[in-house]
Structure formats: C-alpha cells, structure tokens
Amino acid sequence: MLRHGWRTGAIVPELETETKMVNTEQYSQALTWLQALTGLLERMQMYQDAESQQVLQDWMKERQELRALTKNLFNPQFGSIFRTCHNPTYFSRRLCRFSDIYMASVSCLLNYDLNYTFYPRRTPLQHEAPLWMDQLCTGCMKTPFLEEMAHIR
Numbered sequence: 030m031l032r033h034g035w036r037t038g039a040i041v042p043e044l045e046t047e048t049k050m051v052n053t054e055q056y057s058q059a060l061t062w063l064q065a066l067t068g069l070l071e072r073m074q075m076y077q078d079a080e081s082q083q084v085l086q087d088w089m090k091e092r093q094e095l096r097a098l099t100k101n102l103f104n105p106q107f108g109s110i111f112r113t114c115h116n117p118t119y120f121s122r123r124l125c126r127f128s129d130i131y132m133a134s135v136s137c138l139l140n141y142d143l144n145y146t147f148y149p150r151r152t153p154l155q156h157e158a159p160l161w162m163d164q165l166c167t168g169c170m171k172t173p174f175l176e177e178m179a180h181i182r
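Each residue of the sequence shown is one higher than the one before, starting from 30 at the first, in the working numbering.
Everything labelled a hint here was simulated from the structure, so no lab data went into it. Note that the coordinates shown come from a computational prediction; the quantities given were computed from them, not determined experimentally.
BS3-like cross-link-like pairs, simulated, lysine-lysine; straight-line CA separation at most 30 Å:
| hint | residue 1 | residue 2 |
| --- | --- | --- |
| 1 | Lys90 | Lys100 |
| 2 | Lys90 | Lys49 |
| 3 | Lys49 | Lys100 |
Starting from the given sequences, assemble the full structure and let the hints guide the process.
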C-alpha cells in the first residue's frame, strides 16, 4: 500500500484564509522579527549585567507583543487553527497524523500534473542539525552550546 504514495487526504476550507494571511507582508515581517528576537534572547541571556538585563526585558516585552499581533491577525479569540504561537494546535497534530496531505479544496489538485508525486518531508528532531534550507529555522541550530552537548554521554 505504501508504494502508491499518499493514502489519505483532508479538505480544510479554513486553510484558504490562513494561507492568505501567512502570505501577507505584515505577517511575514512580524514572524521574521519574532524569530530573530527569539534567537537574540536565546543567545544573549547569559549576560547578567544590569544593562544587558534591561535590553533582554525590552526584547521579551516586544516578543510578547509580536506574538499577540500574529495571533490576532487570524482570529482575535483563538488565533490560527493550525498554530498556537510556535506550537502546532491539537487540530494540526491530529490532521498531520491522520492525513497524508491536506488542502483547502479538492480543486487545489488541479494545480498538479496527474503524475505528480507528493513526497513527505523529513522533520528534524531536536538533537539533529538541520541539513537543508527549509529546516534552518527549526530544530537545534538555535540551541546554544549544541556542539558541546553532543559530546556528553
């Protein structure tokens, strides 16, 4: 059965609205800066002097504001149906577990050739270094001292 590619597809009409939102300039800029702030916080938290701590507090406040902004761009009460801040929602986890592919409508398949094969992406685990471009901002490249931790046994 696995030789035939994907087996289960899901239709999620809300995906169309979510896709439009994540492709806006406002969302893209907010998410890029949110990721950058998170990286700065992770790398700079080791500095304990008063000035550094004040900068860190300012960054944490800005990060909270950006998280609220990105949530409110979708639905002010609930945010995205796929993501809660940086974590997938329960719906998203169930969707990915029980369907091999999902789309806003069946007509989305018209964008692909009849012989097109959808291949699953390999999701890196926390201890694996991302090896290609679409994984660089996920996983452990953002974990400080990862190389040193790899030698701990």
